[in-house]
Amino acid sequence: MGFFLETLFGGLMAGMLYSLVALGFVLIFKASGVFNFAQGAMVLFAALAMARFSEWIPRWLGLDNALIANILAFVVAGAIMFLVAWLIERLVLRHLVNQEGATLLMATLGITYFMEGLGQTLFGSDIYQINIGMPKDPIFLFESVFEGGVLVNKEDVIAAAIAAALVIVLSLFFQKTATGRALRAVADDHQAAQSIGIPLNRIWVIVWCVAGVVALVSGMIWGSKLGVQFSLTTVALRALPVIILGGLTSVPGAIIGGLIIGVGEKLSEVYVGPYVGGGIEIWFAYVLALVFLLFRPQGLFGEKIIDRV
Amino acid sequence: MLYRENGQFKTSYRADQQIFPILQDRVAIALLVVFAFAGVPLLADDYIFRAILIPFVIMSLAALGVNILVGYCGQISLGSGAFMAVGAYGAYNFFVRVPDMPLIPALILGGLCATCFGILFGLPSLRVKGLYLAVATLAAQFFSDWMFLRIKWLTNDSSSGSVSVNELQVFGLPIESALSKYWFCLGVLVVMALLAKNLVRGAIGREWMAIRDMDVAAAVIGIRPMYAKLSAFAVSSFIVGVAGGLWAFIYLGSWEPAAFSVEISFRLLFMVIIGGLGSIMGGFFGAAFIVVMPIALNQFLPAFMGLFGIEISTAGVSHAELMIFGGLIVWFLIVEPHGLAKLWSIGKQKLRLWPFPH
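Which chain is which? The protein sequence lines are A and B, in order. Per my numbering, residue 1 is the first one in the first sequence, and the count goes up by one each step. Per my numbering, residue 1001 is the first one in the second sequence, and the count goes up by one each step.
Since the hints were derived computationally from the structure, they do not count as laboratory data. Even for Gly, the Cβ is constructed at its ideal location relative to N, Cα and C.
Coverage of chain B stretches by chain A, computed from C-beta distances (three or more under 8 angstroms per stretch; other residues unrestricted):
id	region
1	1133 to 1146
2	1260 to 1270
3	1320 to 1327
4	1332 to 1344
Selected chain A positions facing chain B (in silico; Cβ < 7 angstroms):
id	residue
5	H95
6	A102
7	T103
8	G117
9	Q120
10	T121
11	I244
12	W283
13	L290
Model the full assembly from the supplied sequences, consistent with the hints where possible.
Listed below in C-alpha cells is the structure:
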C-alpha cells in the first residue's frame, strides 16, 4: 500500500509538470488556433537562457548572492522570451493568418528547428545546471499510518506547488482581467472579436508572451530536475497526450489531463511494464489518450465539436 | 506557342481519360523518365548516387504515400516514420525467416504489414480529426519505437533492435553497386507513382478528396467516411511501408529503430507541405528540397563562412543548419503556402499563354 501510494504521488508530481508544459500549448491554441509544436523548443530555449544567465550575471556584476542572481536571470530570460514571442508573431504568424491548421503546425515546427539551433548557438550545447535552491532531500509522509511511510521528493512537491500557483494565477488572469476577457473573446471567434475592436495582433503577442513565461517556468523546473540539455525538447512530446486527453481548448483539461497521464504512466510502468519488457511509459500515455478519444473525441473538457455543412 | 492544348481533339473516351491529356506533357514525362533511367547514370558519380539520388528517390516514394493520406484525404499524420519502420522490419522478418525469400515479395509483404499497422492506427481517424488526429498518430510512432526496441522476436533477437541485410538480388541480379540500387529504387518509384496517380484520379481518389474538403457533406452524398478514410490509411501506409523497406534494405543496409524516429515523420510531412498538398508532382519537389538542402548546407556553409573569415566548428555548423532549415521552412510557408507544386502550375499556366501576357 505504501509503495502504491508512493508511485501514485510520483505520478501526480510528474503529471503536474506535464500539465505545466501542456498549459503552454493550450493557451496558444485557444487564442490563435495555432498548434504550437515549438513549445518544447521554447522550454529548452528559456531554460538555456535561465541557466546561462544565472551563471553569467554574477560574473559580470561580481555578485555572489545566488538568489539575486537567479532572480535577475529569471527576469532577463523572461525578457528574452517576450522578445521571442514578439518576433514570432511579427515575422511568422502575421503572415500566416487564415492558413490551414497543418500549415501553421508546420510553421511552428520550422520555428522549433530554428530555436533549437539558435538556442544552442547562443548559449552552448552542453548540459547546464539550474540551481534555484530546490531541496533535493526526500521526506516521508503518513509515517503514522503505514510502516515506513510514503517517500516523496521534496523537490517534486515544491515544483508541483509552483505549477499549481502558476495555474491559479493564469486562471485569475483569464477570468478577471480585461485582457483575459479579450483573450477569451479571440479564442471564441476571431472575426467577432475583431469586429468589436479587439486588436488581434496585440492579443497574439500577449498570449505568446504568456506561453513564453509558462515555458520559462517549466523549463526552470524541468531543468533543475534533469539538467538543461537538448533532450528537454522531448518534454513537449511527452505533454502532447495530456492536451488531447484534456481537450485542446481547456485549461482545467490540461491540469486534470496532466495528472491522469502522470499517474497512468507511473502506475503502468511499475505494474504492467515488467511483463512486456519495460519502457512503456512513453507510448502508454498516447494509447491512454487514444482510448479516451474514441469515447470523447473532443477530449475530457474540450468544446463539443459541431459539424455543419 | 509550344505548350498548348489547342487542336488536340479527343475522339474517344479512352483518349479523354489519359493521365496526361496534353501531348507535350506526355512527351516531357517520357523524356524525364528516360533521362532518369539512362541519362542520370552517365552524369552522376558514386557519391552523388549514394548521398543524394538514392535517398531522394526513396523519400519521394514515402512522400507520395504521405501525400495520399495528408494531401488527398486530409488526415494529418505524424506517424509516417512508424509506417516506414513497420515496412522495414516486416520485410526484414520475411526476408530472414522465410528461406529463399526474394527481395521484391519481401518488400511487398513488409508493405502489407505496414498496411495492417496503418489501418489499426487509422481507426481513431473515424472519431477524431485535424490536430487531434495528428497527435493521435504520434501514438503509432512511439509505439513502433518501443516495439522494435523491446520485442526481441521482431528483430530476430538482435541487441537493441539493430539488424542488417546483405546479398540482395532481384531476378538473380545482385543489387550491390550504387547504380543498380538507384535503378531498382527508381523502378519501384515509377510503378508506385503510376499506381498512385491512377488511384487518385479514379473513384476512390475522388472519395478521398471529398472527405478532405468536407467530410460531413461527403457523408451526406453517400460516401462512406469509414471506408474512404481507412482505405487512404491502407494505401498510404502500404506505399510508405515499401519506402521504409527500401530505405532500410537499399539505402541503410543495417539499421536500428532510431533510423525511423519521429524526426522522419516530421521531415516527410515537411516534404508534402513544401511540395504541395494534394499533388503527386509536389512530393518530388518537396523530397528534393528536404533531402538536398541539409547536404548542401553541410557542404557549403563552412566554405561560405570562410569567405568572411569566420571559422565555424562542427557543432556550430549543425546548429546553423538547424536554424537555416527552420528559417527556410517558415519562409517557404509564408511565400508559397500551397507549395512548390503551385509554382509549377503557375509556370505551366504562363507557358500556355506565352508569348502573350493574357
